[in-house]
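What follows is each chain in one-letter form.
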Amino acid sequence: MAVEGVTIAFRSSAVTCLLGPSGCGKTTLMRMIAGLERPTAGDVFFDDERVTDLPTRKRKIGMVFQYPVVYPGISVRRNIELPLLHEKHPETERRKRIDEVVEMLRLQDSIDTNVSRLDMATRQKVAVAREIARQPRFILFDEPITNVDVETKIQIRRALKVLTKQRKQTVIYVTHDQTDAMTLADQIALMNQGRIVQCDGPRALYDRPADVFGGWFLGNPGMNYFEQEVVEVGGAASIVSPLFPRPLRVIGRDLERRIVVGIRPEHVEIRGAPTPRAVRARILRKTIGVGGRYLLVAQVDGQVVKVKVAPEVGARAGDEAWLECPLKWVRVFGRDGGRRDVQLLDPAP
Amino acid sequence: MVAIELSEVTKSYGQKPVLRGLALSVEAGSFLVVCGPPACGKSVLVRMLTGLEKPSSGKILLRGRDATEQGPAERNVGYVPQSFALYPHYSVHENIAYPLTLMRMSRREIEPKVRQVSEQLKIAHLLGKSPNQLSGGEKQRVALARGIIKPTDVFVLDDPLTGLDFKLREQLFDDLRQLQQGLRATFVFMTSDPLEALALADQIAVLDGGRVVETGAVADVYRRPLHVRTMELLGAPPSNRLPGVLRRGAGEIRCDAGLFEFAVDASEAKVPPFDLQKVDVVIRPQDILLGAEGRDGLLGCRADVILEEDLGAEVVVFLRAGETPIVTVVPYGEREGTTEEGVTIGVDPAAVAVFAADTGIRLGQGVRHS
Numbered sequence: 000m001a002v003e004g005v006t007i008a009f010r011s012s013a014v015t016c017l018l019g020p021s022g023c024g025k026t027t028l029m030r031m032i033a034g035l036e037r038p039t040a041g042d043v044f045f046d047d048e049r050v051t052d053l054p055t056r057k058r059k060i061g062m063v064f065q066y067p068v069v070y071p072g073i074s075v076r077r078n079i080e081l082p083l084l085h086e087k088h089p090e091t092e093r094r095k096r097i098d099e100v101v102e103m104l105r106l107q108d109s110i111d112t113n114v115s116r117l118d119m120a121t122r123q124k125v126a127v128a129r130e131i132a133r134q135p136r137f138i139l140f141d142e143p144i145t146n147v148d149v150e151t152k153i154q155i156r157r158a159l160k161v162l163t164k165q166r167k168q169t170v171i172y173v174t175h176d177q178t179d180a181m182t183l184a185d186q187i188a189l190m191n192q193g194r195i196v197q198c199d200g201p202r203a204l205y206d207r208p209a210d211v212f213g214g215w216f217l218g219n220p221g222m223n224y225f226e227q228e229v230v231e232v233g234g235a236a237s238i239v240s241p242l243f244p245r246p247l248r249v250i251g252r253d254l255e256r257r258i259v260v261g262i263r264p265e266h267v268e269i270r271g272a273p274t275p276r277a278v279r280a281r282i283l284r285k286t287i288g289v290g291g292r293y294l295l296v297a298q299v300d301g302q303v304v305k306v307k308v309a310p311e312v313g314a315r316a317g318d319e320a321w322l323e324c325p326l327k328w329v330r331v332f333g334r335d336g337g338r339r340d341v342q343l344l345d346p347a348p
Numbered sequence: 000m001v002a003i004e005l006s007e008v009t010k011s012y013g014q015k016p017v018l019r020g021l022a023l024s025v026e027a028g029s030f031l032v033v034c035g036p037p038a039c040g041k042s043v044l045v046r047m048l049t050g051l052e053k054p055s056s057g058k059i060l061l062r063g064r065d066a067t068e069q070g071p072a073e074r075n076v077g078y079v080p081q082s083f084a085l086y087p088h089y090s091v092h093e094n095i096a097y098p099l100t101l102m103r104m105s106r107r108e109i110e111p112k113v114r115q116v117s118e119q120l121k122i123a124h125l126l127g128k129s130p131n132q133l134s135g136g137e138k139q140r141v142a143l144a145r146g147i148i149k150p151t152d153v154f155v156l157d158d159p160l161t162g163l164d165f166k167l168r169e170q171l172f173d174d175l176r177q178l179q180q181g182l183r184a185t186f187v188f189m190t191s192d193p194l195e196a197l198a199l200a201d202q203i204a205v206l207d208g209g210r211v212v213e214t215g216a217v218a219d220v221y222r223r224p225l226h227v228r229t230m231e232l233l234g235a236p237p238s239n240r241l242p243g244v245l246r247r248g249a250g251e252i253r254c255d256a257g258l259f260e261f262a263v264d265a266s267e268a269k270v271p272p273f274d275l276q277k278v279d280v281v282i283r284p285q286d287i288l289l290g291a292e293g294r295d296g297l298l299g300c301r302a303d304v305i306l307e308e309d310l311g312a313e314v315v316v317f318l319r320a321g322e323t324p325i326v327t328v329v330p331y332g333e334r335e336g337t338t339e340e341g342v343t344i345g346v347d348p349a350a351v352a353v354f355a356a357d358t359g360i361r362l363g364q365g366v367r368h369s
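If you read the sequences in order, they're chains A and B. First residue of the first sequence? That's 0 in numbering that gives the first Met the number 0, and the numbers climb one at a time after it. First residue of the second sequence? That's 0 in numbering that gives the first Met the number 0, and the numbers climb one at a time after it.
By construction, these hints were calculated from the structure, which means they are not laboratory data. Positions of the beta carbon are idealized from the N, C-alpha and C atoms, including for glycine. Treat the hints with care, as some may be off.
So, partial list: chain B residues that the calculated Cβ filter (under 10 Å) puts toward chain A [as the list claims (entries may be wrong)]: (1) Gly-215; (2) Val-217; (3) Tyr-221; (4) Leu-233; (5) Pro-237; (6) Asp-309.
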């Protein structure tokens, strides 16, 4: 089953991202919205109109695919203009829309060039421009920037941001790339194995993932996870975690025997010397990441912890370091991977 | 020992030179990442290294011996191509074993190698399956396994992770490094993705306009880039670049980059800078500080916030100072999410690198006066 029991409403004038790894069902879902595939069961509605049986060309939507789809042999300008001619827009309106969209996507230099002479990245910009100029009821993007270079990625992303914020276009954007989703989406529908596992604003999804999959999938890199057994220490339910120098009390209802504790790499703090809440670690590897921050792979009590630290941190591979995990950033999940409403308390703060 | 050496390698197609007197030296057992912008000559370099094509001029030495005239079969260099095709009618096992069957190795010798390589790439459980039963990521691992099973010590990997799920690539970074170390092999890995280069490399070679413009250990080359392309390529988000001009005055050199004007320390410049020399001034996004008014010794100017991108752990802020676009990045916790329009930005002059505009070679950096 590619998609299972999905119910979702896409808000108008907003960007909703279908985000998930390959094989999660996002493309199948998108194809059903577009009319390129029929659902085995269930319906698709646009506002109050049931479109499940409507062929794609009657759905009045725009689509941009992973590989650029352009009308070959004609100029960029003509490419953008053709659908507008088909929809019988007057010349002034066509010119206005073309100018707007060419400016947005920085196509000025190629506007009169035959698209067959342009590279793939520019052709993709043309495909995006054409759909935007049509101003359809919504535009579906299926991983449009997977195959373009970094510079073009940035340009297309920024154009989309402007498009949705200023022009109120409704967009459904399918991607496996969390950066796309985080930067573009008003709402992210996170998918895994045919289901939508969480639907939320980017920040909410990032800070409060509903399951370990969400905590792992979002984040560069994703959350660190530690499996813990809940034991009794001094008469209280506790865990003995490699991340804390002493057992932590576990507070919650219906406590299970095994939990998973998660913390994001950027929330683990590094110290040069021992502090009351720190544990000793050894740095295995240090690489440079986004914004020049370092990504450290450290070992604590035989377990691996990834830590994101400021460029000023001088610790190197092979060094000893002290790591602190502020409890406010720790998330607790059950053995099934779902989030649990469980608090961890330091008995001696 | 030097595993691979290229000297004065030139490759032209018709009149068009793509590689121009390229020089490269790769230590045995190292993980070298070759990075460069699109169309810099990476794919052609791959063809030179694997022997799929011969250079127009120059020499290629493998393991200390002249291999310039040798074809792929004689070179004994493993090759992982950018887009692979698994044989759909063979099982995963047969696909991986294929290069060894071609070499007429016996079943007894092939078996343990297939097992080893599939365990290293965590696909041992898929050996009996057929390619159409695999996900995209699994197919890539099988292709990698097939590429590296060859019993050799030098491998060329041509952007093998391109187009893959972001998360999958992340997982494969660790696997690739472990693989390389376990094999004790030399890896030459091509990519145009800066974060991929920074995550994988011991050594980096920056390719630009058909030449290697800089090589070195990744930490060194990042900390003090000697070529403008290095500083632009190695980092995410991409660095800010401003055109500028030098003024040689009484005992000091100053740079006018429009938004900023500052003294330059050019004491380590290989070629002395001259008056009115055109330069490129490069500043990394993380060195552009927001709301830094009045801090001692910093260069400052006013700018408007155009766009903010919340990446989760970081926020990228796009600004415009007059007509000049500027990009900065801050950890999420440090950006209160305010979208006030006008801000003051500050830069430590020591973080501003100056490169000759015509050659791209580093001249120096700004001087911070306290």
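Hint by hint, here is what the structure shows:
1. Gly-215: 14 Å, violated
2. Val-217: 7 Å, holds
3. Tyr-221: 6 Å, holds
4. Leu-233: Given a least distance of 8 Å, the restraint on Leu-233(B) holds.
5. Pro-237: 7 Å, holds
6. Asp-309: 6 Å, holds
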